[in-house]
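Protein chains: 2
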Amino acid sequence: MSEKEEKPTSDQPQKVWVGFDLGGTKMLAVVFDEKLTILGKKRRRTREKGKDGVHPERIVETIRMALNDAEVDEAAIQGIGCGCPGPLDLKKGIILEAPNLGWKNVPLKTLLEKEFKCPAEICNDVDAGVFGEYANGAGRNARCVLGVFPGTGIGGGCVYEGKIFRGSRASCMEVGFLQMATEGPAAGAGPVGTLEALASRLAISGEAAKAVYRGLAPNLAKVVGTDLSKIRSGTLAKAIEDGDEVVERIVRRAAEQVGRGIGSLANILAPDIVIIGGGLAEAMPKLYLSEAEKGAKRNVLPSLRDCFKIKIAELGDYSTVMGAAAWVREEHPDPGDEKG
Amino acid sequence: MSEKEEKPTSDQPQKVWVGFDLGGTKMLAVVFDEKLTILGKKRRRTREKGKDGVHPERIVETIRMALNDAEVDEAAIQGIGCGCPGPLDLKKGIILEAPNLGWKNVPLKTLLEKEFKCPAEICNDVDAGVFGEYANGAGRNARCVLGVFPGTGIGGGCVYEGKIFRGSRASCMEVGFLQMATEGPAAGAGPVGTLEALASRLAISGEAAKAVYRGLAPNLAKVVGTDLSKIRSGTLAKAIEDGDEVVERIVRRAAEQVGRGIGSLANILAPDIVIIGGGLAEAMPKLYLSEAEKGAKRNVLPSLRDCFKIKIAELGDYSTVMGAAAWVREEHPDPGDEKG
Numbered sequence: 001m002s003e004k005e006e007k008p009t010s011d012q013p014q015k016v017w018v019g020f021d022l023g024g025t026k027m028l029a030v031v032f033d034e035k036l037t038i039l040g041k042k043r044r045r046t047r048e049k050g051k052d053g054v055h056p057e058r059i060v061e062t063i064r065m066a067l068n069d070a071e072v073d074e075a076a077i078q079g080i081g082c083g084c085p086g087p088l089d090l091k092k093g094i095i096l097e098a099p100n101l102g103w104k105n106v107p108l109k110t111l112l113e114k115e116f117k118c119p120a121e122i123c124n125d126v127d128a129g130v131f132g133e134y135a136n137g138a139g140r141n142a143r144c145v146l147g148v149f150p151g152t153g154i155g156g157g158c159v160y161e162g163k164i165f166r167g168s169r170a171s172c173m174e175v176g177f178l179q180m181a182t183e184g185p186a187a188g189a190g191p192v193g194t195l196e197a198l199a200s201r202l203a204i205s206g207e208a209a210k211a212v213y214r215g216l217a218p219n220l221a222k223v224v225g226t227d228l229s230k231i232r233s234g235t236l237a238k239a240i241e242d243g244d245e246v247v248e249r250i251v252r253r254a255a256e257q258v259g260r261g262i263g264s265l266a267n268i269l270a271p272d273i274v275i276i277g278g279g280l281a282e283a284m285p286k287l288y289l290s291e292a293e294k295g296a297k298r299n300v301l302p303s304l305r306d307c308f309k310i311k312i313a314e315l316g317d318y319s320t321v322m323g324a325a326a327w328v329r330e331e332h333p334d335p336g337d338e339k340g
Numbered sequence: 001m002s003e004k005e006e007k008p009t010s011d012q013p014q015k016v017w018v019g020f021d022l023g024g025t026k027m028l029a030v031v032f033d034e035k036l037t038i039l040g041k042k043r044r045r046t047r048e049k050g051k052d053g054v055h056p057e058r059i060v061e062t063i064r065m066a067l068n069d070a071e072v073d074e075a076a077i078q079g080i081g082c083g084c085p086g087p088l089d090l091k092k093g094i095i096l097e098a099p100n101l102g103w104k105n106v107p108l109k110t111l112l113e114k115e116f117k118c119p120a121e122i123c124n125d126v127d128a129g130v131f132g133e134y135a136n137g138a139g140r141n142a143r144c145v146l147g148v149f150p151g152t153g154i155g156g157g158c159v160y161e162g163k164i165f166r167g168s169r170a171s172c173m174e175v176g177f178l179q180m181a182t183e184g185p186a187a188g189a190g191p192v193g194t195l196e197a198l199a200s201r202l203a204i205s206g207e208a209a210k211a212v213y214r215g216l217a218p219n220l221a222k223v224v225g226t227d228l229s230k231i232r233s234g235t236l237a238k239a240i241e242d243g244d245e246v247v248e249r250i251v252r253r254a255a256e257q258v259g260r261g262i263g264s265l266a267n268i269l270a271p272d273i274v275i276i277g278g279g280l281a282e283a284m285p286k287l288y289l290s291e292a293e294k295g296a297k298r299n300v301l302p303s304l305r306d307c308f309k310i311k312i313a314e315l316g317d318y319s320t321v322m323g324a325a326a327w328v329r330e331e332h333p334d335p336g337d338e339k340g
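Here the protein sequences come in this chain order: Y and L. Mapped onto the working numbering, the consecutive letters of the first sequence carry residue numbers 1 to 340. Mapped onto the working numbering, the consecutive letters of the second sequence carry residue numbers 1 to 340.
Isolated chain Y (complex conformation) (with noise of 0.2 angstroms):
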């Protein structure tokens, strides 16, 4: 109390936050204040051009590129939240291994912590944007969160009472590798007929190319040809758009899977609130919405239909670094704050 009386300043002094997203291709850091509204940002390639490996290094500059941005002080932050991808050690705060970055065991919590001398936190970058969703966006309020992220693979989160629900590991809620059929496309290495391999954007992807090669989507051949790496969630959107309706089809259908998955586990999890986001939720919202509420209508128990709401995620790319933020604060709440 009395170090309080040390700093006579006319104004309380300003408190941030900093989300961090750290992703294969790009990496993102946000400043945001106590309310979550974003002071600065600062938005970088993960890799240096022309190197192999991405150095930690990389992640405290931009983390200060961001705070130049919202032209604050370093010692404003309260804390640094960081949704990072892979198997992670969630209390110790290492990333165990991070194929895309080429790290394994890189202890980013105390390496940030030591930096910036405040507290931080890393959780998986999909749990992070779940709970981005629970603390700003389409799940505010809600008792239990259920998050599903369709992209290359299904990626999926939920919030319980508040609290990320974890594995003791890392990370879990893996509702791309819930068993849907007992036959069909494996999944890469993974269990056959799950949902990521029947209703992923890349499964989506396959399909839409073997169209293209058997000459039934005649506007997506025009924009990338049998190619599916080209394939992107506004490609698809735009070819439904100019009239291709196989193209049509088949995204409704992992629309409708989706769905069904979400039906599935909502007899398990009984959200209140069912976040469905990623590129292609998000490019063709109103489609994607009404299949997955179908899918889903067919597989939940009758009882538990009208409990959960399924909603398209509101906070597109800044998901996962205002959940990182909002987790962060969360996990380290200000000791100062209930006495105003």
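Read the hints as simulated data drawn from the structure, not as lab findings. Just so you know, these numbers come straight off a predicted model, no measurement behind them. The beta-carbon is built from N, C-alpha and C at its ideal position, and this holds for glycine as well. Please note that a few of the clues may not be correct.
Okay, the calculated beta carbon distance ranges per label pair [as the list claims (entries may be wrong)]:
hint: 1; chain 1: L; residue 1: Asn105; chain 2: Y; residue 2: Lys297; range: 36 to 44 angstroms
hint: 2; chain 1: Y; residue 1: Glu71; chain 2: L; residue 2: Arg140; range: 50 to 58 angstroms
hint: 3; chain 1: Y; residue 1: Lys297; chain 2: L; residue 2: Arg232; range: 45 to 53 angstroms
hint: 4; chain 1: L; residue 1: Asp242; chain 2: Y; residue 2: Thr152; range: 46 to 54 angstroms
hint: 5; chain 1: L; residue 1: Lys91; chain 2: Y; residue 2: Thr152; range: 40 to 48 angstroms
hint: 6; chain 1: Y; residue 1: Val192; chain 2: L; residue 2: Gly316; range: 32 to 40 angstroms
hint: 7; chain 1: Y; residue 1: Glu161; chain 2: L; residue 2: Asn105; range: 20 to 28 angstroms
hint: 8; chain 1: Y; residue 1: Glu71; chain 2: L; residue 2: Arg143; range: 23 to 31 angstroms
hint: 9; chain 1: L; residue 1: Asp242; chain 2: Y; residue 2: Glu161; range: 45 to 53 angstroms
Keeping the supplied structure of chain Y fixed, place chain L upon it in accordance with the hints.
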């Protein structure tokens, strides 16, 4: 504090907790001490002979009989926990609907609290069973316990960081309604291809009765014929022991399916311990466990494969009463406890 002084007794006053299991055909009241040792019990038919409905007063009577058996005074009760069927309002402690009992909107919590002048809680019977195994059985000290109970249907529950994972309205963890296949039998009026449609004891009985009809299960045929309502877990175990290979195949296949469901769910919940309970698994623990382990391995992600153990439940018929008693104690800790 001063009230303590007013009761000068040579011994610490006895403290007991009551667990109650309200089944469709039987009810069981058990009196426990603080170490969850059984002090006394009373098991009765739920329905009074010749009567249609069930009067809640019968629960009160049964608890008094158990107290009598334990030779414990009513004043010693610190809490009553009651595992109940059907949809519940957990907060208000109301059984919303229990068709087996002819009940609608029965405020059991209030009723017990008034009658015995102590806290009471109701919870889903399977949830209570899993909490029992967590508190005093196969799931002791686990951070996350997933319980799967194959019976007529397949019930489930989850204890996460010491608390029962619950839905907004009532229970959740309806693992029987996890979708496993796009096609397949329907579970009653429910969705098609669910775990319970494929692998419940009822599903097994259906297959076994068909095997009898086809002349493929001579030992089972002797005991039950083609009437599937007569097929019990013990009957199946005996027929397998006596050499009915087709029956063995049917049970193994169902156990493997349950394992696949467990593997699929382990990707979501990342439990430390998975407990399989119910008559079927307990009648053939070795056979059941080996198949379940095989199935789980098939569906779980390699990175999660070694994170959990599958075990057979340890508490049998007592899991629900023990869990209900432990749960009411968890929810209403004795304020004097910490002071020694």
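The hints, checked one at a time:
Checking the proposed 36 to 44 angstroms range against Asn105 of chain L and Lys297 of chain Y shows it is violated: the Cβ atoms sit about 27 angstroms from each other. Checked against the hint of 50 to 58 angstroms, the C-beta distance between Glu71 of chain Y and Arg140 of chain L comes to roughly 54 angstroms, which is consistent with it. For Lys297 of chain Y and Arg232 of chain L, the Cβ-Cβ distance of about 36 angstroms falls outside the hinted range of 45 to 53 angstroms, so the restraint is violated. At roughly 53 angstroms, the beta-carbon separation of Asp242 of chain L and Thr152 of chain Y lies within the given 46 to 54 angstroms, and the hint holds.
Against the hinted window of 40 to 48 angstroms, the Cβ-Cβ separation of Lys91 of chain L and Thr152 of chain Y comes to about 42 angstroms, which satisfies the hint. At roughly 36 angstroms, the beta carbons of Val192 of chain Y and Gly316 of chain L sit within the given window of 32 to 40 angstroms. As the Cβ distance of Glu161 of chain Y to Asn105 of chain L is approximately 26 angstroms, the hint placing it in 20 to 28 angstroms holds. Between Glu71 of chain Y and Arg143 of chain L the CB atoms are about 43 angstroms apart, so this pair departs from the stated range of 23 to 31 angstroms.
Look at Asp242 of chain L against Glu161 of chain Y: about 51 angstroms separates their beta carbons, and that is inside 45 to 53 angstroms.
Consistency with the previously given hints fails for numbers 1, 3 and 8, ordered from lowest to highest.
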